[in-house]
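Colleague: Residue numbers (the working numbering), protein chains in the order written: chain A, 1 to 201; chain B, 202 to 876.
Incorrect hints may have been included.
[As the list claims (entries may be wrong)] Taking lysine-lysine pairs in the DSS-like style, the calculated list, with each CA pair at most 30 Å apart, reads: (1) 70/A x 157/A; (2) 56/A x 720/B; (3) 405/B x 649/B; (4) 529/B x 394/B; (5) 516/B x 463/B; (6) 498/B x 56/A; (7) 346/B x 56/A; (8) 737/B x 70/A; (9) 70/A x 854/B; (10) 463/B x 56/A.
FYI, nobody ran anything at the bench for these hints, they're computed from the structure.
Here is what each chain is made of, one letter per residue.
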Amino acid sequence: MDRRGKMNIISRIVIAIAALGLIATYYLPLWNIYMIAPQYPEGLNMWIWLTKITGKVDVINGLNHYIGMKHISEEMFPEFGFMIYIVAFFILIGLTVAITGSRKLLFTYLVLSVITGIAALIDYYIWGYNYGHNLDPSAPIQIPNFSYQPPIIGHKKLLNFDAYSYPAAGGWVVVIATVICFAVWLFEWQRSKNKIRLKKY
Amino acid sequence: MKSYLVLLSCASLTFILLSMQSCQPKGASAAVSSEAAKAVYVPPGKYDEYYDFVSGGFNGQLSVYGLPSGRLLKILPVFSVFPENGYGYSEETKAMLNSSHGFVPWDDLHHVSLSTTNGEHDGRWVFTNGVNTPRIARLDLANFKTMEIIELPNSAGNHSSPYITENTEYVVGSTRFSVPIGDKVDVPINTYKQNFKGTVSFVKVDPNSGRMNIAFQILTPGIDFDLARGGKNKSHDWFFFSCYNSERANTLLEVNASAKDKDFIMAINWKKAEEYAKAGKGKNWPVSYAHNIYDEKTHTATSTMIKEVLVLDPKDCPDMVYFMPCPKSPHGCDVDPSGEYIVGSGKLAAAIPVFSFTKMEQAIAAKNFEGTFEGIPVLKYDAVLHGEVQKPGLGPLHTEFDEKGNAYTSMFVSSEIVKWRVKDLKILDRVPTYYSIGHLSVMGGPTKKPYGKYMVAYNKITKDRYLPTGPELAQSAQLYDISGDKMKLLLDFPTVAEPHYAEALPASLIVKKNVKIYKIEENAHPYATKGEGLAKVTRNGNIVHVYMTAIRSHLTPDNIEGVKVGDSVYFHLTNLEQDWDVPHGFAIKHANNAEILIMPGETQTLAFKPDRPGIYPFYCTDFCSALHQEMQGYLRVSPVGSNVPLAFSTGKKNPSDSAAASGAKPTDTGAKPSR
Chain A
1 MDRRGKMNII
11 SRIVIAIAAL
21 GLIATYYLPL
31 WNIYMIAPQY
41 PEGLNMWIWL
51 TKITGKVDVI
61 NGLNHYIGMK
71 HISEEMFPEF
81 GFMIYIVAFF
91 ILIGLTVAIT
101 GSRKLLFTYL
111 VLSVITGIAA
121 LIDYYIWGYN
131 YGHNLDPSAP
141 IQIPNFSYQP
151 PIIGHKKLLN
161 FDAYSYPAAG
171 GWVVVIATVI
181 CFAVWLFEWQ
191 RSKNKIRLKK
201 Y
Chain B
202 MKSYLVLLSC
212 ASLTFILLSM
222 QSCQPKGASA
232 AVSSEAAKAV
242 YVPPGKYDEY
252 YDFVSGGFNG
262 QLSVYGLPSG
272 RLLKILPVFS
282 VFPENGYGYS
292 EETKAMLNSS
302 HGFVPWDDLH
312 HVSLSTTNGE
322 HDGRWVFTNG
332 VNTPRIARLD
342 LANFKTMEII
352 ELPNSAGNHS
362 SPYITENTEY
372 VVGSTRFSVP
382 IGDKVDVPIN
392 TYKQNFKGTV
402 SFVKVDPNSG
412 RMNIAFQILT
422 PGIDFDLARG
432 GKNKSHDWFF
442 FSCYNSERAN
452 TLLEVNASAK
462 DKDFIMAINW
472 KKAEEYAKAG
482 KGKNWPVSYA
492 HNIYDEKTHT
502 ATSTMIKEVL
512 VLDPKDCPDM
522 VYFMPCPKSP
532 HGCDVDPSGE
542 YIVGSGKLAA
552 AIPVFSFTKM
562 EQAIAAKNFE
572 GTFEGIPVLK
582 YDAVLHGEVQ
592 KPGLGPLHTE
602 FDEKGNAYTS
612 MFVSSEIVKW
622 RVKDLKILDR
632 VPTYYSIGHL
642 SVMGGPTKKP
652 YGKYMVAYNK
662 ITKDRYLPTG
672 PELAQSAQLY
682 DISGDKMKLL
692 LDFPTVAEPH
702 YAEALPASLI
712 VKKNVKIYKI
722 EENAHPYATK
732 GEGLAKVTRN
742 GNIVHVYMTA
752 IRSHLTPDNI
762 EGVKVGDSVY
772 FHLTNLEQDW
782 DVPHGFAIKH
792 ANNAEILIMP
802 GETQTLAFKP
812 DRPGIYPFYC
822 TDFCSALHQE
832 MQGYLRVSPV
842 GSNVPLAFST
852 GKKNPSDSAA
862 ASGAKPTDTG
872 AKPSR
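Bound conformation, chain B alone (with noise of 0.2 Å):
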């Protein structure tokens, strides 16, 4: 019997301790409701209902996805060279990347601002920041192409950059790093609080062409601007800054720039900044920065080196700006529609205060200061502070609004975002993310009629979401709908490199201008060939120009001899072609670059230093029609010093075969002048 018992509570003891086992967490695909497939379903064919431009971080590049589905349509090169199609690599574009530093074929790329009018998406261009280089690129969403990049001097680490103005007037950026500017600037790294400074750069957009030009810089005290947003309406002349290292520590920053219990959100009147600038206030110091621009009709880009800045120092210029307190080491900087709140979140902070702005042209007015920070008047934090969000999570970083008058926080510690209302603060739902968010997206969150709808999480830690791909993985985004009053996780797709910042636009905005060839009347690039017959070769000294054309199914010309070790070898390619869709691609054996990707009606060209004697194949790299793969020919190259002559054909008779046909010697060198 006593045996018996002892069985039975054994037993009873493994059943206990295996219902705790089932205690354990369920995995996150529990966690998707059955209609999530339906709902970010498009069929074949269909198209996705938004355009979502997603920063990819440490690659450079700027990612396009459709949303719902989450599918990738295109990479589109911005700060780092791009061999799938040249950038960077062809002759035309290597400009774009040039800087005062010379040719940086690499950058952070962290956020992205789609500019608006009106405080509303326009669908004209996209912004993205370059961190560590500091830059500001320009897209256009007609032709998915970086246009524009403009170099930051007076800065290092862009961070807080590309946000803009209400109308796109300007576009900021600013220094994450303090450094020392000016003439001195070999100091010991320990005369930081003497010797280092800020800046704030605001770049005029021009409202027609979009072209960038640094219309004045803030001198600000050494700390680091970490993210930040324009004002809307009521805030329109208002930009907001979030701020760390206030105290100004040039070492072990995770614990001395964590000691103060508040840094700052540095708010700025560019107003005021503009008519001071306007006024003289301010001084040209002499920097030098590049300002690169891709020409659409030349098809080439230029890098002009600017060697002047204006600088505005706050101390001649009252009024301008001014320091709001906010808790421990603020990340995000967020304005919401109304352009009333300003949530600044404290990263390690226990509250997301926010910050209203009537409240703070109050207090300006009253002097309600609590001191100054390097002569820049603080406000005091109760009397700009509208409230603060009462636990909402661990590790808040960004803020994103929907229409509805709600607030979604990411959540980087705790791994979840927070939905919240902005009039009483009060927390309304939490989903979790997987895993740890960094910034998030609400489609037309930024904006001043955001339209809800879906919200993306882009995510730093990727561990088991997808197939192990090794040590290294993609990031992982998770897709929401809002609509209701619950936050529903719909989809989990990987993105390429790390996102960091996305914003999104109903497609609608941009698909009918969607431009599809360039047309070739109006190609002005001066190698351009357009037409078989103007295709030629020519030397001048040892550089030999190859006015070579691509249509479907030939290079003209396919044939080239004469070209000797040493030349260099430019192959300017035209794309004959007037459809969409039919790019053509050029490659050529050993050489040191990249292959170019030509779209119809344009003209790019690939650089070549043949190193010894042999003839090298040259083809076609985009498969472009049913005889892509006969697209291919032949470049002859001989010895230094010999006296094979310059020439090059397409199509043209063997001298045996014509030889046997006719007796007659061939002396044609000329291209066949049609197809």
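The shape of chain A in the complex, shown without the other chains (with noise of 0.2 Å):
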């Protein structure tokens, strides 16, 4: 059973297990954007989902109006038309995985995760750059080269503003299961090289 690499069948169950709680991603909010500021003590809480955009992005918006930013409407992120379908994939990968018991699909699996991680954070540092740099030149306050970029994850001073950026917890989701996975690959992987060893003596 297990001399292709195949793995055991507890890890199989705790793979398909991390991969079926991605779908909590559908029903939480991946990332937080939390501001404030003096007159704000109430603070200004932004949820990046899936699919769209909650919180108090309509008071966001007018405030960023004086430093000139531009408007953030769910149109601004093309990636909501397919966030949704990227996760099925990873979830059906995961699924795959905990069928065939493959440790090479794993390993695959984990290296498109991380992959795929780094490209959300780099376009996330995409948006955050043009969002936080092209200001409107006839905004009423205009600090000479300040720009407004939004942290890429942890805290940073924005004029009266304090920005923290954080995971949410569909983010916590996504970095819990794919920990789970990369576990499971190094105990299978340790396990085979065990066996190798036995085999050999």
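Take the two lone chains and join them into the complex the hints point to.
Modeller: What follows is the structure, given as structure tokens:
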């Protein structure tokens, strides 16, 4: 059964659960941008989902017009049109890994996950860069050499606001699912190495 | 030696005189314990424990304070115009102050009642009364706005109002002044006894919407009603009213209405009255009264004239009304939390009578009457009396209750509050007030379950309590800690206008449902402009409607031309903001009314009639943003008959600028579609 690098049944169940766990991202926000300022003690939250943005987007837009930032709207993000398919693709591969029990396929799955994750962050950075730098030249408030690019992850001071950017519940689901898959792969890799050694002697 | 003695005696005499000087009373400042400051200190950023709704008396408004800090949170306009936010000046709110005698921009707001369910605060509404033009108002505790005002016909001086029944089934009003009512009203004043009548109005409150309508009025003898309280528990079906001037004097009441040894507490069985009304025992009288309702969706008030009221005459309705004799022109008429005891405060009497509801019921069953007054049975004093609080002080006015079976009575003349036990009528403690206290308020005092803890004295005389402000002074209030055996003075704070009654409730009851904004999608105002692209100016004859939007930090349109002298210009301002605490204001030079404040998502209208040609600047009056000062615009007014076309814009390039740039002639007169 496991001669050709097939994984043990528990590993396969764990991978199936991790893959199915990604379904949660359809119902949970992936990312959270939180901004707080003296006159906004309640804070302004913006939640990025697979298909939409929610939270105090209108209020943030209202403030951004002073500095000439573009209106945040869902049309700005073509990603909302296909992100659900990418996640669906990953769920399918995950399930295929579980069914076939192929460790090689699991490795491919992990590599794809990392590439997609990096691509997503680059995409987010490019959006943030454009959003923070492409300012209306007739904006009422203009500060030379100052941009309003939100942080990719962590904290950044933007004028009177402290901006924080972190994964939200759905984002953590993705992180945890990937970590689990990696752990399973590591475990299976170690196991197969031991088996080869056992066969030798 | 002799001269030495004389000198010595002179010195002793001086010493004695000096020590007598120090026997003079000390100021009140000594009476506060060092713990007091800690007890009332609410640190920056923290909230008060209680909302206190304090009547404004002759300002016709309701003040909202935080307790225990005594900080003023807001003044809410009710019966008086309020230029601060345009209440009574904007086209939408004028109808709130409409009456059968037209627009009445002022009233005397005396009392407040917080709505109750099962005798406990439910945090839904606060009712207030207008004394001068008899009215009752209902304010909503989610938006802190006056939502409804109903006028009371057949009434004058609506004083014992707006007291409520246990489940807010009814809110009552009554006549402080009896007057001739019905057809024959032009009569000599000295025919008071023959022609003057009183009424008590029972205004039904819809349990869901809070909407009020006059269910029935009860015709009473021509005496003066002072204060009232609804029953609780066993006395649920009853309402009690204090009455003075049973002498029925029409002049120099000071003397003539104080002649008799006893006046009355009037007890009304409102359940029975309800049955009589249902059974058709009443008569529909032709009257005229205004019913004004504010709609939060259209942001507009409407006023309806109602032409009929159902009147019940006790002659046709036996067992509905009784009188209990009460010494010397009773003022307060307060029911304890159990509903068993009714405290009448004969303000000129030497004792405070406490009546027993159980005894009253027994006396009614046994027909234990001492006679009748104008056909209404008068119960025997001794048969209904629980007992008298002996030597309580001078000028007892009002009584409130705590959760431990104690009562607190304000003493106007002796300027103090007296604490006594309801059960055995024993006096337990007394504290001075500064000065001449009127109403007092124990937290939750009028409910079935008082919260106790604090008590506030609302005084009539201020004198030296604060830094002087000329002949006219603010009124003073004091906060006391009543959690222990002894009442302790904690705080002294000035109040707006002249508070009469006040009622407080725990902030937790209402703070969570506080309205922050109005959703722009739900704005159903006929002149709402839900987006800058929809801003426009239209003319119909000499009526000009300006559909204007406000958002940080510009008004759209902000350049308007083509208005002529004699036009009526209506500025319909829609605040497009959808965030809390971003109101915009609007004012235009030479407008003969006031500014308007527009809350996020709301539309309000300011009418303006320019009387001469010129450029009239307008601007946002509520500091809204970093560029608030730039939030301004111009209206051009041309002479009558001028042919300047109607035009409006925001952010449009000037003809000279654009001509220089492209040589093109400007044709655009539309508003810029987006910011």
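Colleague: Now look at each hint and say whether the structure bears it out.
Modeller: Here is what the structure says about each hint:
Straight-line distance between C-alpha atoms of residue 70/A and residue 157/A comes to about 19 Å, which keeps the hinted pair within the 30 Å bound. About 14 Å separates the Cα atoms of residue 56/A and residue 720/B, which keeps this hinted pair within 30 Å; it holds. Of the supplied pair hints, the one linking residue 405/B and residue 649/B holds, its CA atoms being roughly 21 Å apart against a limit of 30 Å. Annotation: proposed proximity of residue 529/B to residue 394/B holds, straight-line Cα distance about 20 Å (limit 30 Å).
Proposed proximity of residue 516/B and residue 463/B is supported: the alpha carbons are some 23 Å apart, at most 30 Å. Taken as a hint, the residue 498/B and residue 56/A pair is honoured in the structure, with Cα atoms around 23 Å apart against an allowance of 30 Å. For the given pair, residue 346/B sits about 26 Å from residue 56/A by alpha-carbon distance, which is consistent with the 30 Å threshold. With a C-alpha separation of about 26 Å, the suggested pair residue 737/B and residue 70/A falls inside the 30 Å cut-off, and the hint holds.
A threshold of 30 Å between alpha carbons decides the hint, and for residue 70/A with residue 854/B the separation of about 22 Å falls inside it, so the pair holds. For the proposed pair residue 463/B and residue 56/A, the alpha carbon gap of about 66 Å is over 30 Å, so the pair is violated.
The earlier numbered hint that this structure contradicts is number 10, and it is the only one.
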